[in-house]
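One line per chain: the protein sequences are A and B, in this order.
The opening residue of the first sequence carries number 1 in the numbering used here; numbering runs sequentially from there.
The opening residue of the second sequence carries number 1 in the numbering used here; numbering runs sequentially from there.
Hints in this document: simulated from the structure, not taken from any laboratory.
Do not take every clue at face value.
Said to hold, decoys possible - Derived Cβ-Cβ restraints for the label pairs, each shown as a range:
#1 A:46 - B:41: 42 to 48 Å
#2 B:120 - A:46: 21 to 27 Å
#3 B:65 - A:46: 53 to 59 Å
#4 B:17 - A:178: 38 to 44 Å
#5 B:223 - A:152: 54 to 60 Å
#6 A:153 - B:34: 16 to 22 Å
Cβ atoms here follow ideal geometry from the backbone N, Cα and C, with glycine treated the same way.
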Amino acid sequence: MTALPQKRPSSRPTAIREGGIARTLFQAVNYSVLFLLMLVTLYPLYLTVITSLSNGMDVMRGVVRWRPVNATLATYKQIFKGDIMIYMRNSVFYTVAGTLVNMVMSCLCAYPLTRRTFCARKLFTAMVTVTLFFSGGMVPMYLTVKQFGMMDTIWALILPAAISTYNMIIIRTAFASIPESLIESAQLDGANDLKILFSIVIPLSKATLSTMVLFYAVSHWNSYFDAMMYIRTKSLYPLQIHLRNLLVAGVANEDLVQATGTGEAFAVTERTMRSATIVVSTLPILIVYPFVQRYFVTGVMIGSVKG
Amino acid sequence: MSTVKKAAVKRGSLGERIVRAIRRDKWLFLIMLLPTAYYLLFCYYPMYGVVLAFKNFKPKLGIIGSPWASQNGMKYINMIIRDQYFWRVFFNTIILNLLNLAITFPAPIILALLLNEVGSKWYKKSVQTITYLPHFLSAVVIVGMLNDLFNSTGLVNTLITSMGGDKIPFLTSAKWFRPLYIGSNLWQGVGWDSIIFLAALSSLDMELYEAARIDGAGRWKQTLHITLPGILPTIVIMLILAMGRIMSVSFQKIWLMMNGGNQQVADVISTYVYQRGIINSDFSYATGVNLFQSLVSLFFVLITNAISKRATETSLW
């Protein structure tokens, strides 16, 4: 394994000893540039939060910049009065079920591809690899889902994306790094491959697998495309579709309010509703993020080694 | 143990050998059963569906039963080649991707180099933690924030008017689509994409720096003659991989950003396929457009792989 950048004590020894004023100047500029980058990264997120907490009319006047203006929780009260809890629950359900299927299927698929004695290994590897470079595309996929009778069901969101071949290959790489001798000795003890997979290979690949859980879960949570294609019933909508509808409707409505000049009384506008929904939909990711952050680098590294 | 097994398999006729191999590997076949079903049903079956591009699709007859299109099945392909709007969409895709690559590819390398010069561990870690974060936001959230910042009452336009300028219709102008798309990609990806280069930087040999210092090379010279050549292989590989993705754009994001005002530059192959195929139910035509895209991507992958094999002895297969 390559050393991880974060785990090294410092990337290059002695930044202090060498260089004179030029070095100090460079470091000052460098630290400032990176500070600016952090600000630029965080500000849009911060602005969204304070927008969601401000009075809608003040937002429209463009005075909300650094802190909430006429702070109010009215927007949050308003959105929780709506159907947002249904969409939230749908999204949680799709994400958990989808990720579970993803992980089981990817592990099942990855393990045989790492067994060097497997007589059909090359055949299955070829089967999987082809899909990286060629796919039927949007329309045949749509017709397939339709033909299998999965339209407007949760299956349409889970089964067509049951394996991401890229992620599966990352898992395969992790599995392949487990010493052959370990597996052979288990075989001598009479364990079959299914048992070896679940009692030896998977427990030894926890770091990579948790990164993959994150990748799969985030992609389920964030996707609106599959739902836009396959889901028609409103009560089955995931959160991202709801947010998308707010976004599309918001632009039109806001212009309307402005054109008619009404609305001094609006504490809650489409704009603040949208911001609040963004906050609510992003919160789960922000909560999980710090806990899984340290695994990222491993996952990304392994992934890039095999393309 | 495995060699003993192999020797055993080699005896007997072909049929016997196959039966014996399958019996020996029965657990592996069993494990592979569900994934194989997945690939056949949801990858290879739709892949076969590409023949739609050469057929007159009749929903009642299904993909297999539908009759071939006229002009020896080439009716839709000919239509696409003559369709001026298709070519506009085709070049929109390529231009958007090349511009995107030119900006979002070097930026993470520069960020990694800057981070590498940071001595303070917690400062470096803070920058990393914060800049990785946007990678995990959804396309809807990104476009939502983009709208908030750049609409007619958004922060950017209020700043412009407060300085005496005229409002700019960022979101609905063709001129501003590409900067907004690429800029938000940069904002979202620069931190995350730097991880791989940081990892490459951390695996460089420290003794080379010692030696250079003894020879009197300053930091700048060290960067130029040790750091950059050291991470060059990583840069080359990442560039080749990026070239292979030249035809794929973020449908989710563009579909949200596109409107009547910017459609002439924003419409790309995937959005066109969605519009024609899914919304207008023009199945054969859209499949043909998609096929075009797949073939061009495949071409790019093969070319870049060949170049990669020659130049860096690294290839995808």
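Between residue 17 of chain B and residue 178 of chain A, does the beta-carbon spacing fit 38 to 44 Å? 29 Å, violated
Assuming the hint says 42 to 48 Å, is it satisfied by the Cβ distance from residue 46 of chain A to residue 41 of chain B or not? 46 Å, holds
Range first: 16 to 22 Å. Now tell me if the beta carbons of residue 153 of chain A and residue 34 of chain B are that far apart. 19 Å, holds
Could you see if the CB distance from residue 120 of chain B to residue 46 of chain A stays within 21 to 27 Å? Between residue 120 of chain B and residue 46 of chain A, where Cβ atoms are some 24 Å apart, the hint holds.
Lying within 53 to 59 Å: is that true of the beta-carbon distance residue 65 of chain B to residue 46 of chain A? 57 Å, holds
Does the hinted range 54 to 60 Å hold for residue 223 of chain B and residue 152 of chain A at CB? 57 Å, holds
Checked against the numbered hints listed earlier, the structure breaks hint 4 alone; every other hint is satisfied.
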